[in-house]
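Given only the sequences and the hints, what does the whole structure look like? Please build it.
Chains D and R, in that order, are what the protein sequence lines are.
Its first residue numbered -10, the first sequence is counted upward by one per residue in the working numbering.
Its first residue numbered 829, the second sequence is counted upward by one per residue in the working numbering.
Derived from the structure by calculation, the hints contain no laboratory data.
The model shown is predicted, which means the values in this text are computed figures rather than measured ones.
Take these hints with a grain of salt, some might be off.
[Said to hold, decoys possible] What follows is a list of derived Cβ distance ranges for each label pair: (1) D/77 x R/873: 42 to 48 Å; (2) D/443 x R/865: 43 to 49 Å; (3) D/138 x R/867: 21 to 27 Å; (4) R/873 x D/63: 33 to 39 Å; (5) D/59 x R/883: 40 to 46 Å; (6) R/884 x D/384: 21 to 27 Å; (7) D/233 x R/873: 30 to 36 Å.
[As the list claims (entries may be wrong)] Facing chain D, a subset of chain R residues (Cβ under 8 Å, in silico): (8) 861; (9) 881; (10) 885.
We treat Cβ as the ideally placed atom computed from N, Cα and C, and that holds for glycine.
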Amino acid sequence: MILDAGTAERSAFAEPFDVCIIGAGPAGITLARRLASAGAGVALMEGGDLDFSNDSQDLYTGRISGLDYFPLDAVRLRYLGGSSNHWAGACRELDAHDFEPRPHHPWSGWPIGKEDLDPYQGEVARILRLDGGNFPDPPLRRDSDDFRRILYRDSRPPLRFGEAFHDEIAASDAIRLALNANLVDLRLDDTLGTVTEARFRSLEADDPGFAVRARAYVLCAGGLENPRILLNARSQIPAGIGNQHDLVGRFFCEHPYMRVGEVVFEERFFATEYHAPTPDFLDAYEVLDFNLQLLADRPRTRQPLSLPKEVAREAVCVAPFTERLAQRVVGNTLSCADDLGLRAYFERREMPEDFSGFAAIQFEQALDPSNRVRLAAERDALGLQRIVLDWRLDDLDRRTMRTAVLHFGMLLADQGIGRVRVTDWILEDDFQAGNAAGDLSGSYHHMCTTRMSDDPRRGVVDRDCRVHGTSNLYAGGSSVFATAGHATPTFTILQLALRLGDHLDETLLG
Amino acid sequence: MTGRRSFLKTTALAALAAAGLPALGASAAPAPLPVRRFGEAFVVNGWILTARDLEALRLHDT
Ligand SMILES: Cc1cc2nc3c(=O)[nH]c(=O)nc-3n(C[C@H](O)[C@H](O)[C@H](O)COP(=O)(O)OP(=O)(O)OC[C@H]3O[C@@H](n4cnc5c(N)ncnc54)[C@H](O)[C@@H]3O)c2cc1C
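Okay, here's the thing in structure tokens:
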């Protein structure tokens, strides 16, 4: 059932529910469907509407401090389906070693392992409409102790959760989805350990709001909003809920994305390839996890040159690799012809393919408590404090970046793939310059801000995603990641949502 | 493919001269470029090269 909380329909939320889920993005919708299939009564409370609106999106505005980052109201979407309304659909699960503590990475280690999420792999692949349930990685061209090839699988077209499950939720008796229901407070009992109600209101100026009561509450509002909600929930605990060790919002991690530079290929190359380090490499060089992306240049549309010049361009392409490399290394302005070039005369417009491309790296960011989501003085239209995001990279990030790039260069040579040219700021370890040049940014992934640990002094939620110090408040989404790994997060977010569904099913219903 | 390639290359080399551009065979001449060493990697003009590349390109580890 889908209802509008901005109208009289809010009376449909008067009866207590088994579970109240805050946020209907990939995490919230997946959890709601899992619980509904077990017969639970679910209140799924979504702040936005069915479509984008400026007023709802404005609630996501915030400030950045540190490295240049995207505007906070542009890196996520605040309406039914959440950021799945603009995600790219690239999927990969975390590797087993991403869950292990690593001595060279302070704070690292999950209280659960890959084996705890594996049982959900097949179902997540089905939800995301990926073909097959696992990720068979292709072999390298030549054996290497340091690297392996990896594969991303695409949800194609990228699954828009709001659209995809709208009709199912509308027809469901178990799920009551409220639109325009913005969480503004969580109320606790006298022991301050149990949530008794969640308070919501619409964006109407004089809306007194309404309460939803449930046996358990799950925050699924995204990696920046989950901590914001906990920090803003100060009506009974001044530091916010779950923040007894000042950890809520800390350890913010992105997947820093860095354009390394151009690549000249030994053979025609017209694909996208990913490589990642082996666990032995990570230990030997004491670096964080990362992946290396190799992308062929897309054919550009350009004006054809005169015939001799077109021939000259093509000559560079057909020349032996050493000659082409020499042209590049000693300074050459020629590049391969594209599909408007001479090749078309001779090869009758084959697939776009080329001898050049570029390389990029995406890496796991180091856990650093000073990278954090904190409250700003400014308030939004609901009276809640906005956020400031502190985002910086540290020495471990720097070492990872430089080590990754140099070994990547050697990998390309060893594998007979090609050679890469790195931009100066990478060799100079100058993040600021790379960031200013637009070569270094994030990947729109917001992780670890309510990280998982069995120790309340090291994390905000426990292995069951329950907020430490509370009996019935949980978090879903990438805010609970204990480390970021290098893989895109949504596949893992869904695995965690299904696992949390099983836990709530057992503890509340079972 | 090989036949077409060498045809292309011959045509190309002729065209290079016509376009006033350097012939490719002569392009690997020694160049006074600084070579920076990072472990087994050599960086020349930003390019990450192997020791064998340096030899092939007749560049020297300075
Ligand atoms: C441009 C872009 C490309 C991306 N590409 C990829 C990719 O290729 N692969 C990948 O794995 N990931 C990708 N991501 C990340 C992916 O979109 C997120 O991992 C995913 O959407 C997170 O799901 P979520 O449900 O945890 O949070 P969200 O998608 O952020 O959903 C949170 C929901 O909570 C609601 N909400 C927020 N605050 C409140 C409140 N106070 N009260 C009630 N409701 C509230 C929001 O409206 C929203 O519907 C991309 C992200 C972006 C921005």
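Each hint, compared with the structure:
no.	hint	result
1	D/77 x R/873: 42 to 48 Å	violated (34 Å)
2	D/443 x R/865: 43 to 49 Å	holds (46 Å)
3	D/138 x R/867: 21 to 27 Å	holds (23 Å)
4	R/873 x D/63: 33 to 39 Å	holds (37 Å)
5	D/59 x R/883: 40 to 46 Å	holds (45 Å)
6	R/884 x D/384: 21 to 27 Å	violated (36 Å)
7	D/233 x R/873: 30 to 36 Å	violated (55 Å)
8	861	holds (7 Å)
9	881	holds (7 Å)
10	885	holds (5 Å)
When the structure is compared with the earlier hints, violations turn up for hints 1, 6 and 7 and for no others.
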